[in-house]
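Position chain B relative to chain A; hints supplied.
As you go down the protein sequences, you meet chains A and B in turn.
Going left to right, the first sequence walks through residues 1 to 185 as our numbering numbers them.
Going left to right, the second sequence walks through residues 1 to 185 as our numbering numbers them.
None of these hints come from the bench; they were simulated from the model.
Check the hints yourself; a few may be wrong.
For chains that are exact copies, the list does not tell them apart, and a pair is met inside one copy or across any two.
[Said to hold, decoys possible] Here are the simulated SDA-like pairs of lysine to any residue, each with C-alpha atoms no more than 25 angstroms apart in a straight line: (1) K94 / R104; (2) K170 / E140; (3) K57 / D79; (4) K47 / V142; (5) K47 / D8; (6) K57 / P4; (7) K170 / F43; (8) K170 / Y134; (9) K47 / D148; (10) K170 / P6; (11) K47 / E140; (12) K170 / E155; (13) K47 / A34; (14) K170 / G154; (15) K94 / A35; (16) K94 / R185; (17) K170 / R180; (18) K57 / A35; (19) K47 / D179; (20) K47 / R104; (21) K47 / H129; (22) K47 / D91.
Spelled out, the chains give:
Protein chains: 2
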Amino acid sequence: MRIPVPLDHAPRLLNHGPVTLVGTARGDERNVMAAAWVMPIDFTPPKFAAVVAADTKTRELLLATGECTLMAPTDAMLDVTYAVGTHSGRDGDKFARYGLAGERGSVVAAPLIAGCACWLECVRVPEPHVEQAYDLFVLECVAAWADDALWQRGEWQFAAGGPRTIHHLKGGLFFLTGDRRQAQR
Amino acid sequence: MRIPVPLDHAPRLLNHGPVTLVGTARGDERNVMAAAWVMPIDFTPPKFAAVVAADTKTRELLLATGECTLMAPTDAMLDVTYAVGTHSGRDGDKFARYGLAGERGSVVAAPLIAGCACWLECVRVPEPHVEQAYDLFVLECVAAWADDALWQRGEWQFAAGGPRTIHHLKGGLFFLTGDRRQAQR
Chain A
1 MRIPVPLDHA PRLLNHGPVT LVGTARGDER NVMAAAWVMP IDFTPPKFAA VVAADTKTRE
61 LLLATGECTL MAPTDAMLDV TYAVGTHSGR DGDKFARYGL AGERGSVVAA PLIAGCACWL
121 ECVRVPEPHV EQAYDLFVLE CVAAWADDAL WQRGEWQFAA GGPRTIHHLK GGLFFLTGDR
181 RQAQR
Chain B
1 MRIPVPLDHA PRLLNHGPVT LVGTARGDER NVMAAAWVMP IDFTPPKFAA VVAADTKTRE
61 LLLATGECTL MAPTDAMLDV TYAVGTHSGR DGDKFARYGL AGERGSVVAA PLIAGCACWL
121 ECVRVPEPHV EQAYDLFVLE CVAAWADDAL WQRGEWQFAA GGPRTIHHLK GGLFFLTGDR
181 RQAQR
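In isolation and in its complexed conformation, chain A is listed as follows:
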């Protein structure tokens, strides 16, 4: 079940560096792409940096609306994550093509895609220079959600054999998020 996550915990949802899906919407159009180059950059308010290449439909919609969603897919979504990262929304609606279900966010109109481990609703903080020089976008998170089967007591709690977030190495090759280890002081 999708439960709200306090905004001060939002950076922690992506702190371990999983691959993400970036959702966008404008009117009846909506799109989703995969992005490995996304990370938290601040706690209060929670902010993220994301690389969104210049020629993408996602960038067009992000710039047009100032909004997007960031989501961490699970290993059950491995194939579709790779597929939406290697095909363009300019070639047709990816939700229909890949059987994705999504409802609009609570604050932003961009989609929250079913089956993900977490969902962050974000607004663009305009930074034209780094957007143009590095395709780098600064996003402020305005609402956050997680699957309560995976996120409990403010932490990821992945069960053995259960769904996990995923990390992209290259060319459709991923690593599951692995076992937990607590550092000793």
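Chain B alone, transformed into the frame defined by chain A:
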């Protein structure tokens, strides 16, 4: 053994989002901190974005020299990774305190710390606005290295039960990099 990695593969070393160590040096001074908020942002030349907080010794040395190293520690370095992330180099040399060994880079003077899975020698690309607004630094990688026991044929190859890179959740709680999965088209 530390082997050179072609620069066009350098982004792939950190693509899966592991926690990093950031090494710096100025004359006889050297320092290391942990940073989870580091990611690739470009391929050619390879560039990375890294959050380095304003009050840190690392930032002082990075700004003074224009150089640093980025390294991915393994789970054998879990405790020391957390330790160097929670103590300041202003309180004394962390290499002595934590028994770290490091030699200077091949291009930059910043240290390559023994035991890591990979090492990236980087130079700062000055971006004063985002440095000041978000503590965000743009770094260009000028030399890259990996442990050939873990990096083979241009990929991370972690053996079952062997050393792995690590991902930080919060407060010294980490995830190992887990099992591999190949997406199907």
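Q: Give the relationship of K47 and D179 under a CA distance limit of 25 angstroms: within one copy only, between copies only, both, or neither.
A: neither (27 angstroms within a copy, 30 angstroms between copies)
Q) Is the C-alpha distance from K170 to Y134 at most 25 angstroms within one copy, between copies, in both cases, or in neither? A) For K170 and Y134, the Cα distance is within 25 angstroms only inside one copy (20 angstroms; across copies 28 angstroms).
Q. Under a CA distance limit of 25 angstroms, which applies to K47 and D148: within one copy, between copies, both, or neither?
A. Answer is within: at 23 angstroms inside a copy they meet the 25 angstroms cutoff, but 36 angstroms across does not.
Q) For the identical chains here, do K57 and A35 meet the 25 angstroms Cα criterion within one copy, between copies, both, or neither? A) within (13 angstroms within a copy, 32 angstroms between copies)
(Q) At most 25 angstroms between alpha carbons: which applies to K47 and V142, within, between, both or neither? (A) within (9 angstroms within a copy, 29 angstroms between copies)
Q. At most 25 angstroms between C-alpha atoms: does K170 with R180 qualify within a copy, between copies, both, or neither?
A. Both, since 24 angstroms and 11 angstroms are each at most 25 angstroms.
Q.
I want to check one pair: K170 and E155. Are their C-alpha atoms no more than 25 angstroms apart within a copy, between two copies, both, or neither?
A. between (27 angstroms within a copy, 8 angstroms between copies)
Q | Identical-chain pair category, K170 with P6, by Cα at 25 angstroms | A | The answer is between: 15 angstroms across copies meets 25 angstroms, while 33 angstroms in one copy does not.
Q: Check K170 against E140 for me: Cα-Cα at most 25 angstroms, and say if that holds within a copy, between copies, both or neither.
A: between (28 angstroms within a copy, 20 angstroms between copies)
(Q) Regarding K94 and A35, is the shortest C-alpha distance of 25 angstroms or less found within a copy, between copies, in both, or in neither? (A) within (15 angstroms within a copy, 35 angstroms between copies)
Q. Between K47 and A34, at a C-alpha cutoff of 25 angstroms, which is it: within one copy, between copies, both, or neither?
A. both (19 angstroms within a copy, 20 angstroms between copies)
Q) For K47 vs D8, is the C-alpha pair at or below 25 angstroms within one copy, between two copies, both, or neither? A) within (10 angstroms within a copy, 29 angstroms between copies)
In summary, the structure is inconsistent with hints 6, 19, 22 from the numbered list given earlier, while agreeing with the others.
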